[in-house]
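> Residue numbers (the numbering used here), protein chains in the order written: chain A, 69 to 183; chain B, 2 to 113.
These are computed hints drawn from the structure, not numbers from a lab.
The structure displayed is predicted, hence computed values, not measured ones.
Virtual Cβ for every residue (Gly too), placed ideally from N, Cα, C.
Where hints are given, some of them may not hold.
Pairwise CB distance ranges (calculated) [unchecked claim]:
hint, chain 1, residue 1, chain 2, residue 2, range
1, A, A129, B, D4, 15 to 23 angstroms
2, A, G84, B, R14, 47 to 55 angstroms
3, A, D106, B, M54, 27 to 35 angstroms
4, A, F80, B, R95, 20 to 28 angstroms
5, B, D79, A, A129, 15 to 23 angstroms
6, A, G84, B, E15, 47 to 55 angstroms
7, A, Q118, B, R14, 25 to 33 angstroms
8, A, K82, B, R14, 45 to 53 angstroms
9, A, N86, B, R14, 43 to 51 angstroms
10, B, S97, A, K138, 19 to 27 angstroms
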Amino acid sequence: DGGITQSPKYLFRKEGQNVTLSCEQNLNHDAMYWYRQDPGQGLRLIYYSQIVNDFQKGDIAEGYSVSREKKESFPLTVTSAQKNPTAFYLCASRTGRMAGNQPQHFGDGTRLSIL
Amino acid sequence: GEDVEQSLFLSVREGDSSVINCTYTDSSSTYLYWYKQEPGAGLQLLTYIFSNMDMKQDQRLTVLLNKKDKHLSLRIADTQTGDSAIYFCAETPRDSSYKLIFGSGTRLLVRP
């Protein structure tokens, strides 16, 4: 089945540590996204990538980094510079076609907590 | 700027209809979406409407769009306990078709 796989489902970070969240899709989508979700709030865009080897900052990129070396993969690193990393992280993808409706499809998320 | 607002909470009795409301500020929005999020899970696309439509029906779901008032609603007929979840409204701005702007979500509780 085609879909988006995020791993791990739960992740714990120690003080001063970088951690990497995985996102893989087999939908042949060009665009991929990372969102952060805090309780009682909507989704906030961290980074997005519309094509391989290219990505742009979203609304809350500070303390995060990404890479897009392969079409199907868009890992997110939460660096030690992100002082409040506890949140639910969601990865999404969509086709790159510009005409018509192209909704974003979501993975099941990774919950990150500080130890 | 772009902003999407939703009420935070709705409680209905099983079998009743639920109506979840959303207002948005960007009059140039092209598509508007409803997503459902169950506890600990990602977002599931429920339905969407193009900005030149007023209504869309999909089984128990009815979406109404009032472009003049920038108001979007999702009606769920014969609401079931499995419909309990958080519902997000989202819009795609015309000048930023790669983006989705999300509301803060409405938590729907269905009472037996």
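> Would you mind marking each hint as holding or not holding in the structure?
Verification of the hints:
no.: 1; hint: A129/A / D4/B: 15 to 23 angstroms; verdict: 20 angstroms, holds
no.: 2; hint: G84/A / R14/B: 47 to 55 angstroms; verdict: 51 angstroms, holds
no.: 3; hint: D106/A / M54/B: 27 to 35 angstroms; verdict: 33 angstroms, holds
no.: 4; hint: F80/A / R95/B: 20 to 28 angstroms; verdict: 42 angstroms, violated
no.: 5; hint: D79/B / A129/A: 15 to 23 angstroms; verdict: 43 angstroms, violated
no.: 6; hint: G84/A / E15/B: 47 to 55 angstroms; verdict: 49 angstroms, holds
no.: 7; hint: Q118/A / R14/B: 25 to 33 angstroms; verdict: 45 angstroms, violated
no.: 8; hint: K82/A / R14/B: 45 to 53 angstroms; verdict: 47 angstroms, holds
no.: 9; hint: N86/A / R14/B: 43 to 51 angstroms; verdict: 49 angstroms, holds
no.: 10; hint: S97/B / K138/A: 19 to 27 angstroms; verdict: 25 angstroms, holds
Hint compliance for this structure: hints 4, 5, 7 are not met, and every other hint is.
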